[in-house]
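Engineer: If you want the building blocks of each chain, they are given just below.
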Amino acid sequence: MSLLTPTIRPSVVARLNPVAKLAVALIVSCALLLSIDWVSAGVALLLEAVLLIWCGLSARQFWLRTAPVWIAAPMASITTILYGEDSGPLLGQFGFISVTEGSALLGLAIGLRVLAIGLPGIVLLATTDPTDLADGLAQVLRLPARFVLGGLAGLRLVGMFIEDWHSLSLARRARGVGDGGGVRGAARRFFGPAFALLVISVRRGSKLATAMEARGFGSDEPRTWARPSRVRTADAVLVGMGFAIAGIAIAVAVWAETWSFVLA
Amino acid sequence: MPAPSSFTPGRASHIRAAQIRARAWGWRHAGRHTQAVSGLDLVIEPGERVLLLGASGAGKSTLVHALAGVLGDAEDGDETGSLLIDGHRAAEARGRVGLVLQDPDSQVVLARIGDDVAFGCENLAVPRAEIWPRVRQALAEVGLDLPLDHPTSSLSGGQKQRLALAGVLAMQPGLLLLDEPTANLDPAGVIEVRDAVVRSLDHSGATFVVIEHRVEVWQHIVDRVIVLDPAGGVLADGPTREILASQGERLAHAGVWVPALPPRFPTRHQVTASETLLWAEGLAVGRVPFARRAASVVADGITLAVAAGTATVVTGPNGAGKSTLALTLAGLLAPAGGSLRASDFFAAGINSEPHRWRSKQLLNRIGTVFQDPEHQFLAATVRDDLLIGPRALGLSLAEQTSRVDELMHRLRLDHLADANPFTLSGGEKRRMSVATVIATRPRLLVLDEPTFGQDSRTWQELVAFLAELLDAGTALVAVTHDAQFVSALADEEYRLASTDPIRLGVGTS
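So the sequence lines, in the order shown, correspond to chains H and B. Position one of the first sequence corresponds to residue 276 (the numbering used here), numbered consecutively onward. Position one of the second sequence corresponds to residue 337 (the numbering used here), numbered consecutively onward.
For reference, chain B alone in the conformation it holds in the complex (with noise of 0.2 Å):
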């Protein structure tokens, strides 16, 4: 993308990239009784790049947020030891470091880009006459060539992460903070992410930390790593090369992506001759936005077929319409032109329109994972919430709990069964969420991106688990970005191309 004249390559010289120092540092959360870092000693020297590993469970985030300045005060947490920015206490720090978050939605502030920019520089009491300035300059850094008054909500997950980079360095922050800013993002958000952040670095000389369980996307830009224990304090800390060659293992182990040490894939079993459960001929997909009659179409012309056995994987950039395919071949959405029937094997003694079933009827017919795990949660406990199914069936009372706690054993959530699914971690809702509609035993399992953001260990969990599924004859379907569990698993894939966003009115029926 070109830059705009106002940007200037080259080190911004009046930017003073901030040291770190903590000593015997630690935090306990208001309310929990373990430590979440405890006993941190670190020297990080202006101007290193450094990335933060890590099991889950170590640290990572609290340390993070303590940079930042937003773990809060006395009444949220117990902190112990020092932690200073600059030989200040780093909530004392305000406007010297600047974070990015995970969640590309809960970061935008305003609604228009130039705006949302200049918020921080308007909370750090700029001059005005300095801010626009910087927010043009912040744009360019991060490659985002849009009009200053273009509405936030109409940019991607990758947009949105550089225009949330954008408002940290118009700040002009010595410390760049990121929490896996690139966790939520499809593989071309990523690369787009990644780049803006070096050009920024680049041009600022600022201090990086960065926490990030994908290794590769950063391997290259940081020139050391620092692995926090879940004990307490520091496990490895080197460049880059030594430590993940001399950790790598150990860290594969707790769920870090190493690019030398991939997961492994499943050994699946050869399918021969299966019975088709779905065919979809000419099917156009799309919602009814809201207050509206029509459906407004993203794809069309879809033909394809679902067969037992077979695992069926949706690809293509993000809007053309595969989540909507997704929903509409689970039976969720009406098609919105041409045509979806189930073969009389699947609809076993029902019509054969799957959005025209009954809601009870879907459960032992089609499964649906969805991309956010909370959204399928209905019980107060991970148990309750996995004998809904199985009692909505009719179920004996033996084999509801037979079925719910084999599920438990096998997909690791038995230390779990009290706990309310919205407090479990991603990766136990991601297997949670599994687990719930696999507790019905559809005969078809429909997945929207079930492996976004997850570590390398639920990652092979669930691929697993998910061929086992296959195997035994259940048909999948899964809308993904991700070639890994492309090449784990898939036996068809089909492509969406990127259409026109929005037409509206029905497609060709």
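If we strip away everything but chain H, and leave its shape as in the complex, we get (with noise of 0.2 Å):
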């Protein structure tokens, strides 16, 4: 497995486009973010744990790509709740720490945002292939072809850079400024092969670039596309979906009257 040819189990999220996907993860985003409460937050999330069945990731998958956000969402939450405005009735009290209603709920509620937020973020983008999301930018946004192929072939050469570093510091310890000096030394041990890298960096871009361009890439007469990045109707259902999980939310959170908007 790699970053770009990354192993995808078969699955239904994994078959939709990548550019709907993307549209989904925005619009339940841009929802959450227009008010800080839980009870959005957390039926977003409910309706989102249904959806992230499909999602076709193995279990461990699941748990190592999503790790990131299950360790922020309640380091979040904590802050808030301990360091968080006061309002309302006092819950507790440690020394300059006061926990109030008001902070607890507050709480509650950016860590719910941030598991709402981030996790169906990560799980669309690990059932995604580069290539495809490449496609389908280009082809259904009709974003620029040289931006977008120019990303994808230059994400290339970010395995050979770790390769590059690796060498780099084997090539430091044998001439004899590979370890001492302290701090400084340390300093130095690191900005040295970082520039060095910068240049092995750039001329390799330069010279993919030409190979690129020898293959009649860059010009700006119209081009064709070999693999079709088609929006069906399952990315239709699946942007619907995104919609509804948007629409509920902030529906049940009005109802609940705990919907507050942050533009008001």
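Everything labelled a hint here was simulated from the structure, so no lab data went into it. Incorrect hints may have been included.
Stated by the list, open to error - Straight line, CA to CA, 20 Å or less: simulated SDA-like cross-link-like pairs of lysine to any residue:
1. K765(B) x F470(H)
2. K482(H) x T759(B)
3. K765(B) x A800(B)
4. K482(H) x V529(H)
5. K765(B) x L432(H)
6. K482(H) x E411(B)
7. K765(B) x V474(H)
8. K482(H) x A800(B)
9. K765(B) x L752(B)
10. K765(B) x E710(B)
Unchecked claim - A few chain H positions that, by computed beta-carbon distances, are all more than 12 Å from chain B:
11. L308
12. G331
13. A471
Unchecked claim - Selected chain H positions facing chain B (Cβ under 8 Å, derived; list incomplete):
14. R335
15. F337
16. G455
17. R490
18. P497
C-beta atoms are modelled at their ideal positions from N, C-alpha and C, and glycine is treated no differently.
Taking the hints as your guide, dock the two standalone chains into a single complex.
Structural biologist: Next up, the structure:
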């Protein structure tokens, strides 16, 4: 498995157009950013959970990929509970720190929000092949091919950075500047190869650009696409679901009178 | 390799071979004072197969890049005269010309082989229904018999070059240009690529121009040799055999590998019994992959001894772990199993495990010349870079200067003392990378593919210099594919057999 050719298990979500997935993630995020309350985030998370069952990730993959969100959410939540703006009845006081009903609810709302926005984003990307995403961006959203394909080709160079960095570090050791010198030495050992890596990468990037140009890339003439990126009914349904999740979350929050529009 | 059924041999009648016509053509790169090419008059008729030769700096690459239309516009340089393909300016002959470059890694565009081959067709707006048959045909022609969704990252160098060739063939160009396509490949890769080119030319009948300083590879395939003159224009032009006979001497002097004039081997003095420096016993070598803890062993059960004044060459197929073994013997990677010990004579007062030595302690014990010289450059000028080792050893200022001056003179780097190492030519970079390491006078010199892609002149100088070092008692370990290098220098050959490419876990210890 590599960055550019991830092993993606066939699943309903994996077959969807990446642009539709991107749209759903954006719709839900935007809706949830309009208010900070626990009901809308909780409802959205609950509905998403149903969708995520179809994503085709194994349990291990799911927890591994989403681990950052599971760590970030409670952290954000606890920080807000302890240090957030106080309002409502006091629930506890620990020295400088006071926990009130207001700050507790705010903490809960923030924690749920991080999950509700982060989980679908990560899961949808984990089931998307970068090449398919580029095809979608260029063909469905009509973004300029030069940017999309240039970016995609550039991604391939990332793997080479890691190889180059390794060789550069070994070469420094071989040349007698691989250790010693305390903090200044350590800083030199980082910035020295960083500069060499930059030179080598720029050189490699321009060679790649020449190779792409030699194959007719980068002119203003129209190009065709070998891999069609189509928006099918299933994709429309997915986007509809995105709107539904956003709508239901907002409606329930308004009904429960917890909705607080951030721009109001 | 059996060709898939979609491949139909015989001439492809729909491909029209291109004609090249240069009239007083010249190019000066922006920011340079001298012309890269000047006063070039030349006609290459459709279907001709041409080997383009010339000393380094004669403008071979510039001409080929111009023909491919990738030299850029007025901002990138000044053009004089005219360079026409089928009567059109080269820069406007989009899709008529296909170019394959030297570096296999920087020509792969997309993640899967099918998509990569399709890339050029897409850019030329070939209809989708026509693209995939072309992709299959091109892959069959170059003999890449792999599924279309095979990841490009897992290909060998030779396979990557054949992929680049397929990407170009799918565009059905009337002119095929190759700029040192095999310089970075091992001998098996060279043959793979050459055969794929011949097969595709027999099929398409396209005009063909190749730059390559190893004449042997292409001499029986081309029917015409053109030698560019560094002073401008054409030095010689005619049938292959004639030109090689009349210009051979001159070309060989300019660094071209002329089959009839192989480089001279240095005379070695016989080594009498000498000190052993390093012992490997049941050594397993491997690297710790990114974000992993255990090394993945690429070769194991290695038992060898390295003695002062002798040359040990490590040979074997790609992926057998030759470079990893070299880096381990050089004290840069920890052994993945078994043992590697330095003799008391070699360690000279420090512990006997090279990978535990401090970076400075390596300096006068083991010097390593990396496969890519750019990886080991540290300073902004050649001179400063050469001074780094001697300074780190704490030598006197006078001693530092005298060592560095002597080395620069010996390896013909004097005139480049103030140049940035990254701007040197391939041969200069190689000579410099050897000089930086020799400046600290290590007892053991480890080299990874020192002669890769070098012209015959650099080759001869390098081999002569290494022979001198050996006679003076330096031990040498070199990883190489180069059979001539082995016959010129090797006292011992250690052949690594191909093993399973990846076996996880720590080897026998």
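Engineer: Each hint: holds or not?
Structural biologist: Hint by hint, here is what the structure shows:
Restraint check for K765(B) and F470(H): satisfied, since their Cα atoms lie roughly 18 Å apart, inside the 20 Å limit. The suggested pairing of K482(H) with T759(B) holds, with an alpha-carbon distance near 15 Å, which does not exceed 20 Å. Of the supplied pair hints, the one linking K765(B) and A800(B) holds, its CA atoms being roughly 17 Å apart against a limit of 20 Å. For the hint pairing K482(H) with V529(H), the CA-to-CA distance comes to about 57 Å; that exceeds 20 Å, so the pair is violated.
Between K765(B) and L432(H), the direct Cα distance comes to roughly 23 Å. Violation of the 20 Å bound is thereby established for this hinted pair. For the hint linking K482(H) to E411(B), the alpha-carbon distance of about 18 Å falls within 20 Å, and the restraint holds. Taking the CA atoms of K765(B) and V474(H), the gap is about 15 Å. The hint holds against a cut of 20 Å. The suggested pairing of K482(H) with A800(B) is violated, with an alpha-carbon distance near 33 Å, which exceeds 20 Å.
The straight-line distance between the Cα atoms of K765(B) and L752(B) is roughly 11 Å, inside the 20 Å bound, and the hint therefore holds. Restraint check for K765(B) and E710(B): satisfied, since their Cα atoms lie roughly 8 Å apart, inside the 20 Å limit. Every Cβ of chain B is farther than 12 Å from the Cβ of L308(H); the closest lies at roughly 33 Å, confirming the non-interface assignment. The claim that G331(H) lies off the interface holds: its Cβ sits roughly 18 Å from the closest Cβ of chain B, which is beyond the 12 Å cut-off.
For A471(H), the requirement that its beta carbon stay farther than 12 Å from each beta carbon of chain B is not met, with the minimum near 7 Å. Annotation: R335(H) was flagged as interfacial toward chain B, and the flag is violated, the nearest CB pair being 16 Å apart, outside 8 Å. For F337(H), the interface hint is violated, the least distance from its beta-carbon to any beta-carbon of chain B being 19 Å, above 8 Å. The beta carbon of G455(H) comes within 7 Å of a beta carbon in chain B, closer than 8 Å, and the hint placing it at the interface holds.
A least Cβ separation of about 4 Å between R490(H) and chain B falls short of the 8 Å threshold, and the interface hint therefore holds. Contact between P497(H) and chain B, as hinted, is supported at the beta carbon level, the nearest pair being about 6 Å apart and thus within 8 Å.
Consistency note: the structure conflicts with the earlier hints numbered 4, 5, 8, 13, 14, 15.
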